[in-house]
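Line by line, the protein sequences are chains A and B. For what it's worth, our numbering labels the leading residue of the first sequence as 1, then goes sequentially. For what it's worth, our numbering labels the leading residue of the second sequence as 1001, then goes sequentially.
Derived DSSO-like pairs: lysine-lysine, alpha-carbon spacing no greater than 30 angstroms straight-line:
#1 B/K1018 - A/K375
#2 B/K1242 - A/K319
#3 B/K1242 - A/K375
#4 A/K510 - A/K319
#5 B/K1242 - A/K421
#6 A/K223 - A/K66
#7 B/K1196 - B/K1059
The hints are simulated quantities; they were obtained by calculation from the structure and are not laboratory data. Bear in mind the structure is a predicted one, so any value in this text is a computation, not a measurement.
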Amino acid sequence: MALLEAIGISKTYPGGVVANDGVNLVVESGEVHAVVGENGAGKSTLMKILFGIEQPNAGALMLDGKPVRFANPREAIEAGIGMVFQHFSLVPSFSVYENVVLGSEPRSGIRFERHKAIAEVKAISDRFRLSVDPMPAVMTLPVGQQQRVEILKALYRNARILILDEPTAVLAPQEVQELFVAIRSLVAQGKTVIFIAHKLPEVLEISDTITVMRQGKTVGQVKAKEVTEKSLAAMMVGREVTLRVERKATDQSQRVAEIEGLRVVNARGTEVVAGLDLNVHAGEVVGLVGVEGNGQAETLEAVAGLRAIAAGTIRIADKDATAMSVLDRRALGLASIPEDRIARGLATGATVAENLVATRLNETRYVRNGLLDLKAIKANALQLIERFSIRVGGPASTVDTLSGGNMQKVVVARELAEQPKLLLVNQPTRGVDLGATQFIWRTITDARDAGAAVLLSSADLGELLALSDRLLVLYRGRIVAAFVNTPDLTPETLGTYMLGLSTQTADEMKAALR
Amino acid sequence: MSSISGTNKSSRWSAVRKEIGRAGGALLISLIVTFVIVLLTSKDPLGAFEQLLTQLPQKTRTFGYWIDDVAKLTITGLAFSLVFQARQFSMGVQGQVYIGALAATYVALSPLGASWAGIPLGIAAAMLAGAVYGFLPGIAKAKLGANEIVSSLMLNYVAIELCNFLVRTNLPKPQAGVLTTNDFPDSAVFPMLVDKTRIDLGLILAIVAVLVVWFAVYRTSWGLKLRLVGHNARFAEYSGIKSTFIMVSAMTASGALGGLLGSMFVQGQTYGKLTVLFEGNLAFEGILVAIVARSRPLAVPIVALFYGYLRQGAQLMNIRTDVPAEVIGVVTAIIILLVSSSYSLAFLKRLFRRGVATAPTPAAAAGAAK
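Generate the whole structure from the sequences, applying the supplied hints.
As structure tokens, then:
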């Protein structure tokens, strides 16, 4: 008998959007059950129904073989279902244990029994190998730890079934591994985990059973052992997806970017980039590998001119760019796709056309005598919308009306409207669905093939291995290993260097540091 | 291509219609609430409302009050719109009005004031002084990180008290102890546009200002940069836009408008001289105008038209009935509350429908329990 079963669930939102259309899900006790699908496939809606946030229009839920109905999350929690959202619901200034017990505190009379709460939280975290110090305020913890607090919250409320909504999206690779260890220990102790994801390698690694959703329907349920990444991707998208990109042989003799002795100190006075030497040549992609926060983002920002540097020189196209303004660097052929498109890469309240010219307001094509050439700006937008197949109402639509993938396409279109000499890319496909990922990878590779020097940073090792010619591993702001990308280079090899467990000697790195 | 631009235009118009609906709805709701209050407190509520809503256009004189108010509200609304578009919350228009008025007064009472240059030079001096006064909180923020809200509010007091001090001491006045200066020479006072009203050159200045600000914000590269900084300053920095320059220049330009308003006060038909506390808190009403107009320069005069009507209507009500003008504060507060919240007509409808829908449920639940 299945532990939790959803039969023929349908959900239509008031706006007429059909999010779930006869969805079936069978979760066995004690398994890790992944639900995969592209953005908008209806995964989140299904989970919200399981957790009582949304009510289905049709269909039934069975728990332990008995029909159930959850009018709200409280009822779901009482039935033993817990959910960890992608965006955490924690009180930042409260301590870990306070967050865990909040809402069902141990008490005697009206007094909150702090010691009992701390002891209970400790006991749960020991039992499930989710080690978190119960005392510090949640806001001081890294994201991975905050996620554990969320899991502890559910476990404290005696969840038997734990729903994790895209838990790896916010985690660094080694945190993902830690999460997986915790999930395995949960399952070993009889818990059941429903795991929402769209990174396929992770899904295959952690889950026993996989339900694939597409456009609000269940495409099928498969055993993780019986499928490959490729067949799974085809099920998700409904067609064959090649996640490999073909790269042309290019002339890589010309140095475009030379970074020497770069040091960056952050606002708290910590040295985040500690004497970095690296060169990027025309026609190559250099991948910066590392757990997030080891200096990759700061390096890219320093080269883009967005971050003050403590020491070192940056040369772009044979000119000393160390002290140049952003616009001067761009004039040398620099383009940059920033890490967070909404915070840095776009003005979401402005129109698509305005976003597409924002970096070119010094060009006489769009601005003459301080006046905007609205015709040229619109023509530019129409041309780029067409070329990058951005799905948008028109040039005058504001960016906040677009989906995440299309927003990223606006950034990519602006930066690659003209062939750059040096392209900086940070997390190009974070939170972007497979179709758009494929397109963005293709676009970056095309820029490389046409002779751009590309410096790429990504939290997704698969992406780095798919796109890079050379890979440099950063640990605490230093290069600890360098590789020429070959088919036999594995994420595991990179992993040991990423965690600082070993370091290559200068001789070993020499071949890949040119 | 033409179809794309076509859909854009129609969607833009529907957005404009929606905004007008929102503002109109807010006005209606606030008037209803006000009417209820007047009903409860006044002996003659209908009379009071009649004064508030119908009397203004009936006489040229009162009609003039209205239009004069509209011109001034438009300028202060534009000044706030400019800084709001750049997401700077400088509250300094009031101070700029006083400083601008002082500068215009010194010109008007100097020998230059008696010449043909009295008006243009007065305006120019006022705008320059206002610009400098707007620049101060901007540069303090850019260089020292001083919060512009605090510094601009403090500078308002400095300007008001400076004006107070100079009127009492330094500036020539008709007799000792009077809190006004000498009347300006006719050559320094804005000519009347409509006889026997306060409608003067200020109205034309307001119309010109609307067009200039609209052009600057939507047709120049400075304006686009200003809006991009307002939308997302980090993005602007990433794009190579010098956001501190934009920020300071927006506050300076807004200051020039504030200064202009100062000159419109003292050189206008209403006064024709400088008197202490002449501005009667009109400058701050620009915040309301800018918020309701969503900081859109072309919407500012329209909002000013409605708001000016209420303001002057309230004065009539104040004089002629037992309802004080302060009641209009209720209207203002409700409008700001509604417009700046996520209120929409659809939301109100939904709220209403939910109220109807939930009403019978207890009965249904009781029935089910049986």
